[in-house]
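Working from the sequences, and respecting the hints, build out all of it.
Those letters in the sequence shown? Residues 1 to 154, per the working numbering, in order.
A few of these clues could be false.
Claimed, not checked - The following label-pair restraints were derived from C-beta to C-beta distances:
#1 140 with 51: 19 to 25 Å
#2 65 with 92: 26 to 32 Å
#3 140 with 57: 40 to 46 Å
#4 143 with 68: 22 to 28 Å
To be verified - Here are the simulated lysine to aspartate or glutamate pairs, DMTMM-like style, with alpha carbons at most 25 Å apart:
#5 101 with 130
#6 128 with 66
#7 129 with 41
#8 140 with 84
#9 68 with 84
Honestly, the hints are just simulated from the structure, not real lab data. The structure displayed is predicted, hence computed values, not measured ones. Quick reminder that beta carbons are idealized off the backbone N, C-alpha and C, glycines included.
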Amino acid sequence: MFPMNLLSIIAMTGFLLLMFTCKGEAQQTDSPQSVTVMVGEDVVLPCFLKPPKDATKMTVEWGRPDLKPRFVFVNLDGEEYSADQNEAFRGRSSMIPENLKNGDVSLKLSDVRISDSGRYRCYFPREKKEYFTELVVGKKITYNIQYTIKTIFF
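Structure representation (structure tokens):
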């Protein structure tokens with residue numbers, strides 16, 4: 001039987017080896033996170049490297065699997081790649097460059113439309129990691145209600 005101190009040292013060594021050999025990876029969940037926005041507003045769809053890692057020179061693909069072409073925004077080794085971008089998102093999608101150093105690869109969508117509703121995928125091809133966000137877009141509805149009040153005197 002090993003003394004307790006030796007077991008503690010072995011456990012701590014294993015933990016430290018695991019901690020220092022793991023690569024950064026995209027946050028993953030089984031069910032997509034949901035973000036709600038109103039038509040015409042700007043929205044940020046979150047995606048972070050965990051643990052935080054400089055993503056300025058990484059390839060990150062933001063896409064909608066239900067669209068053709070599926071690419072909403074692609075950061076190819078630090079440069080915006082728009083050749084295969086879906087036309088509906090040209091000029092309305094971006095990443096915030098100053099946040100990339102901290103592993104924040106969130107997607108900013110401007111002037112949101114009803115058609116932007118759907119499931120978005122943040123994907124790191126080299127790491128084969130992905131993160132999903134569901135975007136729900138609402139529309140303001142104004143009702144014009146007219147009514148008449150009649151007063152009857154007896």
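To see whether the hints hold, each was checked on the structure:
1. 140 with 51: 19 to 25 Å: 40 Å, violated
2. 65 with 92: 26 to 32 Å: Roughly 19 Å apart at Cβ, these two residues miss the hinted range, so it is violated.
3. 140 with 57: 40 to 46 Å: Hint holds: Cβ distance 41 Å, inside 40 to 46 Å.
4. 143 with 68: 22 to 28 Å: Violated: the Cβ-Cβ distance is about 37 Å, outside 22 to 28 Å.
5. 101 with 130: 19 Å, holds
6. 128 with 66: Status holds; Cα separation ~20 Å.
7. 129 with 41: Violated, at about 29 Å.
8. 140 with 84: Violated, because 33 Å separates the two Cα atoms, which is more than 25 Å.
9. 68 with 84: 10 Å, holds
When each numbered hint is compared with the structure, violations occur for hints 1, 2, 4, 7 and 8.
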